[in-house]
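Peer 1: Residues per chain, in single letters:
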Amino acid sequence: MDVVVWVVEGTWRACVRAARTLTPPDANLVLLHVTASDVPGAAHGAFAGLLGRGHPEHDPGHQVEELAEAAAEHLLRVAAEELGRPATTVNRHGRPEGEVIAAVDGADLLVVARDGDRSRLGPKSLGPATRFVVDHAPCPVLLVWPEQAPDLTSIPPPPPHR
Amino acid sequence: MSVVLLVAVLAFAVIRPRGLPEAVAAVPAAAVVLATGAIPWSHAVAEVERLAPVVAFLAAVLVLARLCADEGLFEAAGSLMARLCSGSPKRLLGAVFGVAAAITAVLSLDATVVLLTPVVFATASRLGARPKPHVYACTHLANSASLLLPVSNLTNLLAFTAAGISFTAFAGLMALPWLAAVAVEYVVFRFFFASDLAAGADGPPMPVPDRKAPTFVLVVLGLTLVGFAVTSPLGIDPAWAAFGGALVLGVRALVRRTTTPTALVGATSVPFLVFVLALGIVVRAVVDNGLSSAVSHLIPTGGTLLALLGLAAVAAVLANLINNLPAVLVLLPLAASGGTGAVLAVLIGVNIGPNLTYVGSLATLLWRRILHQHDTTADLAEFTKLGLLTVPVSLVLSVLGLWAGLTVIGG
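These protein sequence lines map, in sequence, to chains A and B.
Residues in the first sequence are numbered consecutively from 1, following the UniProt record's numbering.
Residues in the second sequence are numbered consecutively from 1, following the UniProt record's numbering.
Bound-form chain A, shown alone (with noise of 0.2 Å):
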């Protein structure tokens, strides 16, 4: 069973413990990260409208990028000996969404959190990137929560009949 934890700032240690706990023992556990290129992206952008400013080695993209790369290497590291199984670990670069469709293709599970409105049980529980993945995922997808789900009395009054 080939298992893909997708691993995001703030949200992943949920998914981290429920492949751990939650996943058959001989499952073949990929941890992936997405380094996202738009962020760089945007620091190179804001670099090129300072019309005339040269130097593109003070271009603040270029740091952006390595410390990106540094941040996303600790965090699948960390993640991995959160995990305290035998896994892979693989980080790619695009839009988050995207990589991760193209990531999972094949795969028997993929494990996400929910990251929209956590203060309680409810519509809007999905930021974009994570709806856009749980829309197009070509495999079963286990959507866990960042933390103890709130209890049914969280639930919104449905919306008066009209």
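Heads up, some of the hints might be wrong.
Stated by the list, open to error - List of simulated lysine to any residue pairs, SDA-like, C-alpha gap at most 25 Å:
#1 B:Lys90 - A:Leu121
#2 B:Lys90 - A:Ala149
#3 B:Lys385 - A:Asp117
#4 A:Lys124 - B:Lys90
What the hints assert, rightly or not - FRET-style restraints, in silico, Cβ to Cβ:
#5 B:Thr260 - A:Asp135: 48 to 58 Å
#6 B:Gly266 - A:Gly106: 51 to 61 Å
#7 B:Leu223 - A:Gly84: 52 to 62 Å
#8 B:Ala11 - A:His58: 19 to 29 Å
#9 A:Val134 - B:Gly339: 51 to 61 Å
#10 B:Arg190 - A:Arg17: 28 to 38 Å
Unchecked claim - From the derived model, a few chain A residues whose C-beta atoms are all more than 10 Å from chain B:
#11 Leu143
#12 Leu152
#13 Pro157
Read the hints as simulated data drawn from the structure, not as lab findings.
Here the structure is a predicted model, which is why all the values come from computation and not from measurement.
Built from N, CA and C at the ideal position, the CB exists for glycine as well.
Assemble the complex: chain A is given as a structure, and chain B must be docked to it using the hints.
Peer 2: Then chain B, alone, in the frame of chain A:
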């Protein structure tokens, strides 16, 4: 012909073939408009006389920012943001807004883009927060938080000279527009990045370096600001305050061998300063040869609120079509006859407008797309959506703030 030369100069500056400095195209272009008589010598001399002090002022601010960076001011800002947010991405965004707005205002947008952005990314990722909202905040605030002081943006220095008002009057009139623009950005960011900010900062244990704020640097910066305020009423050019601040930090850094004379000269970006002068001459030639009469009927006149809104809108559109630097050079001579209000409305337009695209103008965007200059590109649709949510509202509220200031303080 002048228009062709201007387009060539701007295209060269955006493409930068073989990494050549922008001045390589701009200086010969300025020489051509002079040699062919497209601009009379007297106009060119007047243009250089007008721009030279502005450019010198800018050089002093650039050196000041570099020296602050050498002294660890930006790392200290990173530590401060990390402490203030105590692990909450929402509070981190607030801290990033405060720090980026202050640094942009005092040390110019260049400092925020080049020096603060990597520090903000590092701070967010050390905390384990998703870095995107915070990095995007830096890129947006570099533009919209550059409204406050004449030193915050090169466009401001140009408008400041054109308006002929004191440093404190400028800051007084632009305080409300600045606050309005920053507030709009904050509200939109909280809403736009709600899920990234709610994701928490479950950071892998990564030591956050605790850098103390360099007290000496902060004192010198504070005195420089006081200098800006007191020089104007005394009839002294506030640029001297910037020179003074740069001189104190520069001499200290040279004595302590934390910098070299070469590094200090490098920080003034001489090719950039030459580029601005040459661009000014080429733009003046274009304005003299028909652009002013062609555009003048597009420029709203009169000091009414509606006229100010119209001016800011025209300026924002032009800044997006070309870039805000040539846009402000074109519009200032036309707006100057409308008084302080008109000049500052143009400034609001050219400073906030570039947030519509992530590279500051459609021309730059087009070239970068054509040339595939970077393998990593920002998500265009998302960034444009963010721009559409912030720019029009910021423009309107900032112009309202300016109008209120003009009514209360007077232009």
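Peer 1: CA of Lys385 (chain B) to CA of Asp117 (chain A), is that 25 Å or under?
Peer 2: holds (21 Å)
Peer 1: Confirm or reject the claim that Thr260 (chain B) and Asp135 (chain A) have a C-beta distance inside 48 to 58 Å.
Peer 2: holds (56 Å)
Peer 1: Given the hinted pair Lys90 (chain B) and Ala149 (chain A), is their Cα-Cα distance within 25 Å?
Peer 2: holds (21 Å)
Peer 1: Against chain B, does Leu152 (chain A) hold up as non-interface, every C-beta pair farther apart than 10 Å?
Peer 2: holds (21 Å)
Peer 1: Please check whether the beta-carbon of Pro157 (chain A) is more than 10 Å away from every beta-carbon in chain B.
Peer 2: Check passes; 22 Å lies beyond 10 Å.
Peer 1: Would you check the hint for Lys124 (chain A) and Lys90 (chain B), treating anything up to 25 Å between C-alpha atoms as holding?
Peer 2: Status holds; Cα separation ~18 Å.
Peer 1: Between Leu223 (chain B) and Gly84 (chain A), is the Cβ distance one that fits in 52 to 62 Å?
Peer 2: holds (56 Å)
Peer 1: Run the distance test for Lys90 (chain B) versus Leu121 (chain A): straight-line Cα separation, threshold 25 Å.
Peer 2: With a Cα-Cα distance of about 21 Å, the restraint between Lys90 (chain B) and Leu121 (chain A) holds, given a limit of 25 Å.
Peer 1: How does the Cβ-Cβ distance of Arg190 (chain B) and Arg17 (chain A) compare with 28 to 38 Å: does it lie in that range?
Peer 2: holds (29 Å)
Peer 1: Regarding Val134 (chain A) and Gly339 (chain B), is the given constraint of 51 to 61 Å on their beta-carbon distance met?
Peer 2: This hint holds: roughly 57 Å between Cβ atoms.
Peer 1: Quick check on a hinted range of 51 to 61 Å for Gly266 (chain B) and Gly106 (chain A), using CB atoms only.
Peer 2: Given range 51 to 61 Å: holds, Cβ gap about 52 Å.
Peer 1: Quick check on a hinted range of 19 to 29 Å for Ala11 (chain B) and His58 (chain A), using CB atoms only.
Peer 2: Since the Cβ atoms of Ala11 (chain B) and His58 (chain A) sit about 21 Å apart, the hinted range of 19 to 29 Å holds.
Consistency note: the structure conflicts with none of the earlier hints.
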